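Let the hints inform the model, and build the full structure from the sequences given.
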Amino acid sequence: AGFAALTPKTASAQSDEKICTTYCNACMGCPLEAVVRDGNVVLTRAKEIEGAPIDQKRMCARGASIPTLIVQEKRIQYPMKRAEGTERGAGQWERISWDEAIDTICTKIKEYQAEFGSGSVCSFTYGTTEPRNMYNLNRLENVAQFSHQNRTTDFALTQGTMYTAGGFYYQGGVDMDLVSQMSTFVVWGHNPIVSWPNAWHYIADAIENNDCKLIVVDPNKNTIGQKADLFVSLQPGTDAALALGLAKIIEEEGKTDDAFMQQKSCAPFLVKESDGRFLRKSDLEEGVAADADDFAVWDEATNAMGYASTAQNPVLRKKGIEVAGQRCNTAYSLLIDRISEYPIEMVSEATTVPEETIRTFADLLCRPGMADIFQGYGIDHYGHGFNTIAAVSVLRIMRGMVPEPRMSYPLNSSGFDETETEHPAIVQSLGTFMFNDLLDTGKYTFPGVTAHMGEQVMELPDVTVEQPLKMLISFGANIVNSAPDRNKTIEAYKKFDFLVTANIEWCDTADISDIVLPAATIQEVGGPIGMNGCLVWADKAVEPKFEAKSDYDMANLIGRGLGLDEWFQEEFDEGMKHVVNTAMSAAMGIDADKLKEAGVMYVGAVPMPAYMTMTGKLQFYQENPGPIENYGQPMDPASIALPHWEPPMEAWPVTAGGFDANPLAEKYPLIVTAGTRRFRVHSYYGQNPLLREMEINEPCVRINPVDAEARGIEDGSYVRLFNDRGHAVAKATFSAGIRPGCLDIDRGWQRSQYLSGCNNDLTSKQIVDWTCPTYAYHDCLVEIEPWDGVVAESQE
Amino acid sequence: MRYGMVIDLKRCSGCKTCSVVCKVANNIPNDIIWNRVLTEGGNAPDTAGGTWDNPEMQHWPVACQHCENPACTKVCPVGATWKDEQTGIVRQDYDKCIGCRMCLAACPYTGVRSFNWEEPAYYADFALGDADAAKHEKHTVEKCIFCTQRVARGEQPACVADCIGRARHFGDLDDPNSEVSKLLASREYTQLHAEFGTKPSVYYLV
Amino acid sequence: MNDAKGSAASHRGLTVGIIACAVVAVIGVALWMVQLSGGMIQTGMRNLDSWGFYITLFMFFVGLSAGGLIISSIPNAFGMKGFGDISRVAIWTSICCTCVAIGFVVVDLGGPLRLWELFVYSNLSSPLMWDIIVLSTYLILSIVYLWAYRREDAGKMSHTAIRVISIIALVVAVGVHTVTAWIFSLSAAHEFWHTALMGPWFVASALDCGTALVLIVVIALQKAGRLTIERSSMVNLAKMLAVFTCVDLYFFACDLLTSGFPGGEGANVVAMLVTGPLAPFFWTQIACMVLACVILFVPRLRTKGGVVLASALVIAGVFCKRCEILVGGFQIPNIEFADVANHMTITNWESGMSLFGYQGLVYWPTPLEFGVALGVVALGGFLLLLGLKYLPLHLTEKTA
Ligand SMILES: Nc1nc2c(c(=O)[nH]1)N[C@H]1C(S)=C(S)[C@@H](COP(=O)(O)OP(=O)(O)OC[C@H]3O[C@@H](n4cnc5c(=O)[nH]c(N)nc54)[C@H](O)[C@@H]3O)O[C@H]1N2
Ligand SMILES: Nc1nc2c(c(=O)[nH]1)N[C@H]1C(S)=C(S)[C@@H](COP(=O)(O)OP(=O)(O)OC[C@H]3O[C@@H](n4cnc5c(=O)[nH]c(N)nc54)[C@H](O)[C@@H]3O)O[C@H]1N2
Ligand code: SF4
Ligand code: SF4
Ligand code: SF4
Ligand code: SF4
Ligand code: SF4
Ligand SMILES: [Mo]
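First to last, the protein sequences are chains V, B and S.
Each residue of the first sequence is one higher than the one before, counting from 1 in this note's numbering.
Each residue of the second sequence is one higher than the one before, counting from 1 in this note's numbering.
Each residue of the third sequence is one higher than the one before, counting from 1 in this note's numbering.
Note that these hints are calculated values from the structure, not bench results.
Restraint-style ranges between C-beta atoms, simulated for each label pair:
{"#": "1", "chain 1": "B", "residue 1": "Asn69", "chain 2": "S", "residue 2": "Leu256", "range": "25 to 35 angstroms"}
{"#": "2", "chain 1": "S", "residue 1": "Glu350", "chain 2": "V", "residue 2": "Met584", "range": "51 to 61 angstroms"}
{"#": "3", "chain 1": "B", "residue 1": "Glu85", "chain 2": "V", "residue 2": "Gly589", "range": "48 to 58 angstroms"}
{"#": "4", "chain 1": "S", "residue 1": "Glu350", "chain 2": "V", "residue 2": "Pro368", "range": "47 to 57 angstroms"}
{"#": "5", "chain 1": "B", "residue 1": "Asn69", "chain 2": "S", "residue 2": "His343", "range": "30 to 40 angstroms"}
{"#": "6", "chain 1": "B", "residue 1": "Asp95", "chain 2": "S", "residue 2": "Ala267", "range": "35 to 45 angstroms"}
{"#": "7", "chain 1": "S", "residue 1": "His343", "chain 2": "B", "residue 2": "Gln86", "range": "35 to 45 angstroms"}
{"#": "8", "chain 1": "V", "residue 1": "Asp229", "chain 2": "B", "residue 2": "Asn177", "range": "32 to 42 angstroms"}
{"#": "9", "chain 1": "B", "residue 1": "Glu56", "chain 2": "V", "residue 2": "Glu252", "range": "32 to 42 angstroms"}
{"#": "10", "chain 1": "V", "residue 1": "Pro609", "chain 2": "B", "residue 2": "Lys10", "range": "37 to 47 angstroms"}
{"#": "11", "chain 1": "B", "residue 1": "Asn69", "chain 2": "S", "residue 2": "Ala267", "range": "20 to 30 angstroms"}
Computed list of lysine to aspartate or glutamate pairs in EDC-like fashion (alpha-carbon distance at most 20 angstroms, straight line):
{"#": "12", "chain 1": "B", "residue 1": "Lys138", "chain 2": "S", "residue 2": "Glu117"}
{"#": "13", "chain 1": "B", "residue 1": "Lys199", "chain 2": "S", "residue 2": "Glu191"}
{"#": "14", "chain 1": "B", "residue 1": "Lys96", "chain 2": "S", "residue 2": "Glu117"}
{"#": "15", "chain 1": "B", "residue 1": "Lys182", "chain 2": "V", "residue 2": "Glu208"}
{"#": "16", "chain 1": "V", "residue 1": "Lys18", "chain 2": "B", "residue 2": "Asp125"}
{"#": "17", "chain 1": "B", "residue 1": "Lys199", "chain 2": "B", "residue 2": "Glu85"}
As the structure is a prediction and not an experimental result, all values here were calculated from the model.
Glycine residues also receive a C-beta, built at the ideal position from the N, C-alpha and C atoms.
As structure tokens, this is what we get:
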């Protein structure tokens, strides 16, 4: 062949090759093409996305490694059961038939449900959040009346952004078109270069074409930090103080976007002093229909009370307004009171960020042009994560950063066809942190809290949830590896009478199970997904390897085995149609057949009439928030009405900002976080040998040379991280980018890949904020020492 | 025509997607990486050098530089590595290579050439990548070949097509209207070890 | 004058030596087969230190052979007297060394079965090709040279012809060594190698270790009663050895100063040798060579034993230098940014971090390499002894 001029197109099929549409299910659902030869996926590549206004093509190293992921040694090949007479976790397995596996599982379910109630069988369906799996698993969970295990991870960011801005921006990925237009972009507690790899090129576009200033707020100068114009390192867990301090500067310098706040936020709403709630039309007038309700504001145009929807010039900064016998303040004036508690001197002292840097940061935030803040899980994974997210949202609202309300195109993974309105629903949601108690005593007690309702102080009593637990079925996820305080997790899991794990690869959770089921990969199943403005219908590219089955089929088999045949009639393709064929799709002229035909359809963001907050406006003020995940816990809504800063529950080794150091820090002075790693998504992809070549092939912990040298640790040597909960042995790698006093350990290596311990042996299950119970993975103290190579006795 | 690559260091995020797609597309044996993404900084990938006051880290994707004046081809006694004058691509004949490793010693870009020290091994029991990717052989030397098989079909090299940072560009350096030429005309760039006089066809935008 | 008994004993000794060498050589070949079938992964060489013991020994033996021939040719070429007896042994020694050197290239090749390509696809810009050409020329010439001596003995060749051949041989021998040096020095990629001095320096090394080898062989043969040589010739040789060694040291000093003085990369080379991972080799070399010079220059120490010791020290010193050159060339990478290392890229890759592979010596041979190398050397020994036994090397027969 001659050397023709190059075209940007890369798609071409050789003879005997088939090109299938597929996607990667690990994080962003990247639309891919799989080249199939002789029944094997031999290559994956990013699919061109036609019709997208911006370059949406994407695939990272993980997606590129799918061909070997499918055939990797660690794939679960057949249904397996723990060998008769061996201990859980002993590693002795026997191959069984699918019939035997499903039979055993269904018999057990029936027995436990008959004796201990339907909720005694619990299921976990968080494997991968795609409809391909979730649809039928949700269905099974509901119809069979299992209790539902919730992993209580990432809730702070979800809840924080939902409540303040009505949803994720950037993370869901529909807003990348905006990113490339930014003049100022802040990445706060996030490392998108690694965790949302394709987000980076939009940021790079902004930098290249818009002279965008990139600000990175992170204790450590990580991979995104290296690209920053302003890198702000702060004491971990002090972000809320920094955000509120910045807010104070912006307010004082008169740089707030008042018009934006007047129109789009709760800033002008009048808040009653009596109960802290917004004053509504329905408080003042009789017979206001719910959908016609409105919020009272003080209109400067008329110098009288008005309503949010009609007022010309609602006042933002006004206190002590008397309306209909109620003393009210504008929500914004309450925020001003709150941020006044964060003068720059105090913020600088608490965060260790120099005052000058804080001022530069504030100036950059107020640069002309578009700006926004990309918040991440680095600030989610703390005891007070929700508060921090909400505090950062304050800046977004004050500066008018939050884009027009929009959302990603939703697919229906509820488990039921939109027309199926009459169906059973899950009885109970259980947090993983409740398991130890539920398994020991059959009940879990939430600690009571003191609630402040306006002037009133109320003691909210303990709440006890009762639920004997006997059996757990985990579809996907690898909770033994990913949940904090692994030793406690294992202790709990071992107390289940019966554990079933369905996964595509052998993992820590499979290790301690009784039955392990081989799940099929996306390339072996196909199905729809909606991500980043794209709808994809993946082809079934290859036959499932070995005896793997789709999670969908497993749910069907279990459902039918339980005698629930009427609910489990539809085969995969049929079921998947309900995922795409919703009223919304119909309105947009999209249906399953069209999607299947097209492979990928670009749908972009779906505009919304209002922000999806409780009031439809951006809300830095929460009048009566409930948790997104309700386990029946007591809550103190007033404590999160306005964001504030409190130090982390554990990772507070300093005395600053008016808070004493955690005495535990005398023993364990270092803060360990586990940022995302390039070549694994948590544990997923972590056993793919092709990717193992790309990194140091064992768990590493990055450490500042100063901290290492003080402990006689050499670069590249083994070290032991430890605290009262456990330990982890990892290879110390020096990085001057790690903040002294901090450590950054790998996340997601299986226990079997460690020499001893595991990173989540160190973390804690403790939850401090009952409004938003979320795991505080980064909120963790340890000490570190050279490792002498002796396996400690705490290691089983 | 002289094919060349332009890599924008400001856009490179060090993600190694290029390394992996290169391995898959060319069915490269285990533990051989043609296109490495190196970290300038600490001693391990993704670590920073310097001190905490000013930590420094930069990623450098490095594969064969397809030198205009290659050190490797001159020393190869049998012409198993040779420069295709028509395209400027420095190519590699596995079935000709006698495994003397003259080229390994001669190439100034430490590590871009790999010798198959043993029978090539693979993670899959079927060939990955392009059907027409050359077969690898024990005791022969290999390296980035600018995806000759793809370029011959008018396609972009795998690493360029799938670069997540949109940092890699490929084209004819002799054509002033090509994207690569335009980038070089408009941006500051550097080359790896220009002092060796190898005249690399890989340029790094800084 | 040696009695028949002594001669018979030495003959028996030779036979035993020949058999021993043959056995070791066969074992070596078997190990080579192991290397070829199991892969060169079994050696200590890796991508970033892609030559090792074999090429070190290749350099070393090329040096020995070229040196031997130069030594035997100089007297002829310049009409010096009293070396005639040495010449034949020296030529044979150098033929054997050349074979050993070629053997090392062959065992280092990944595809020895493709050797024929060298002749079919010869790329004349490759210094390896040049080396192959001069080595073959050299080998052929040596054989011709030896044959010429034989003819001369039979009175069928004039001494002038021998002189002409010896001059050609001299040029080719210098050439062999220079070209071998070019294999390294023409590679700009390795700071340590890339020096114009490498050629002359290799010649100097060839001369000193070639002379040393000839001295050892001659003294040994004399001891065994297979050769007599005038004391004055030996003293001359010894003095030459001392001078050559000094020149070698002088070149090294010049090179180190030129490298180190401006600072930069060159200074790293000096540091690597003087205080770094190669320091043991460097200082052993210096110590050996200086000590040898002392022995050779001080007449009182210049006894037979002393000369043998000095010669051995020089050879050891030059061997150390070969190691320094080879490993040293790889020791400093041009691109030293971090990446993951694996068992293909770096010999000591255990840390997984490539820069750590560079702590300590990048390369150290494996037992297999020692075994194969021993085999190749034994092959040379086999040839040498066989020659001594059966070839008319003009030893005792003539002087008897
Ligand atoms: N490669 C890869 N990508 C992934 C994942 C993966 O495992 N691997 N997981 C996916 C999932 S489920 C999630 S939730 C996301 C998570 O991805 P990210 O949102 O990027 O979160 P992390 O990597 O946990 O933390 C980001 C940064 O927060 C910093 N940080 C730690 N403590 C603090 C603090 O107190 N303040 C501030 N400002 N920063 C802090 C850390 O140093 C780290 O650099 O990634 C997703 N993408
Ligand atoms: N120390 C520490 N721990 C953390 C975090 C941290 O920051 N620090 N971050 C936490 C966060 S943000 C999260 S989201 C969690 C993630 O925790 P997990 O979700 O438990 O982690 P993964 O390893 O991603 O598990 C996904 C599993 O799904 C399997 N899988 C993939 N596809 C399928 C399929 O189609 N079917 C089935 N049945 N299985 C499939 C994969 O093989 C893999 O085992 O980890 C948390 N753990
Ligand atoms: S891991 Fe995430 S970013 Fe990478 S290909 Fe898969 S979905 Fe895309
Ligand atoms: S794929 Fe692109 S961004 Fe990623 S490492 Fe390679 S060159 Fe850099
Ligand atoms: S980079 Fe090295 S291997 Fe590639 S052409 Fe240049 S000299 Fe040859
Ligand atoms: S190893 Fe192969 S390609 Fe390299 S110089 Fe020798 S024959 Fe040529
Ligand atoms: S051009 Fe092709 S062979 Fe070269 S690095 Fe890129 S993908 Fe690999
Ligand atoms: Mo997450």
